[in-house]
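Using the hints provided, position chain S relative to the given structure of chain V.
Take a look at the letters that make up each chain.
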Amino acid sequence: MKFSKFKLCLQLFCSFFKIGLFTFGGGMAMIPFIQRETVEKHSWIEEGDILEILAISESTPGPIAINTATFIGYQKAGVFGSAAATFGVVLPSFVIISVISLFLKQFMDIQAVKYAFAGIRAGVIALVIKALIKLFKGCKKNLISYIIIALAFITAVLGVNVIIIIVCAGVIGLASLLISKKEGEKK
Amino acid sequence: MIFLELFYTFFKIGLFTFGGGYAMIPLIQSEVMEKSWATSEELINFIAVAESTPGPFAINIATYVGAEQGYEFWGIAGRFLGSACATIGVVLPSFIIILIVARFYLKFKNNKYIAGAMSGLRPAAIALIMSAVVSMSLSVFFPQGISLDAFVSYDFITSVIIFAIMLTLILCVKKIHPIALVGLSATLGIAAGYAEKLFV
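Going down the list, the protein sequences come from chains V and S. Residue 39 in this note's numbering sits at position 38 of the first sequence, with consecutive numbering throughout. Residue 112 in this note's numbering sits at position 107 of the second sequence, with consecutive numbering throughout.
Here chain V stands alone, though its shape is the one from the complex:
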């Protein structure tokens, strides 16, 4: 590997390490950091590209942070670049959680902590509802969306395997697109 490419990989690693270290809550909370590091500081990508990269990250499985890191890393320095960026964004969480897991169980045995987590558990539900509202706002509001939401919700509550539900929803989405296309052609 050429030295210049090695240096670029190292820069990718450092930038995404910082992104991983300073974002709490993950996902969309990362956008401002990604913007600062990749657009303003290193001009690896252009301002407008961010939205496209996010759209791709959202329409592929897995955490948005990983998807974005892999994508930008690949565009800048190929497979090595994507590996460097992905490793960088994962490493801070990995180290921090590894350390926390050493004493989390003992920590949970303290009475005050037990009380604290009783409160936190109630708060967490509110946090998840917040994420839910955000996702709902970003979702297309048409009849098929509502039908899928209703069907997926009922089957999930009844205990149907989550993977089956996801695959079926993808197929229904695809089928509805093909049907609407055919009807469009008829007209």
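Warning: the hint list may mix true and false statements.
Mimicking BS3-like on lysine-lysine, the simulated pairs with C-alpha atoms at most 25 Å apart in a straight line are [claimed, not checked]:
1. V/Lys42 to V/Lys6
2. S/Lys112 to V/Lys183
3. V/Lys77 to V/Lys8
4. S/Lys117 to V/Lys141
Hints were generated in silico from the structure; no laboratory data involved.
Chain S in isolation, oriented as in the chain V frame:
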């Protein structure tokens, strides 16, 4: 072999989660609780821990579950190996898929079939999180199961009050940080716990 199982399970979780973050909860619930790697209560506790530490939620939970399971199997060495297997497992599907997508960027960008599948996957992710909210609420508000007594118990009433305060804050204050919410609900929880000891 627990390490292979960790890798495989989190690979599956990484592969079938669209939208990231909380969209993972339903699949994590069904996979992790089914294998009794964690109880519902532990998972909800850990969501708060993941919210209060940096990095993507998926990585945090994979690292944690991997460390705990690996430790039971192989001690300290297993702790590291387990967390590495689970984390690599959850990252790998995204990594491979994005590499392919990045190669065929322009084709992918304008692909109608992918857009069609996504139009079904987004609402499904919403529904799955809704069902996660239902099962989480049951385990938080009714840890002993639903009964008439449960509705008048001290724990139920304080949990509902804390939940209501948090939800109001989230809906009314736009830019409130998740850590602030975790901190506040922890404080309220501690206050409620000691108040019960003193007065009830």
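Note to self: Let me make sure I understand: some of the numbered hints might not hold for this structure. Which ones are they, in numerical order?
What the structure shows: Hint check: nothing fails, all pass.
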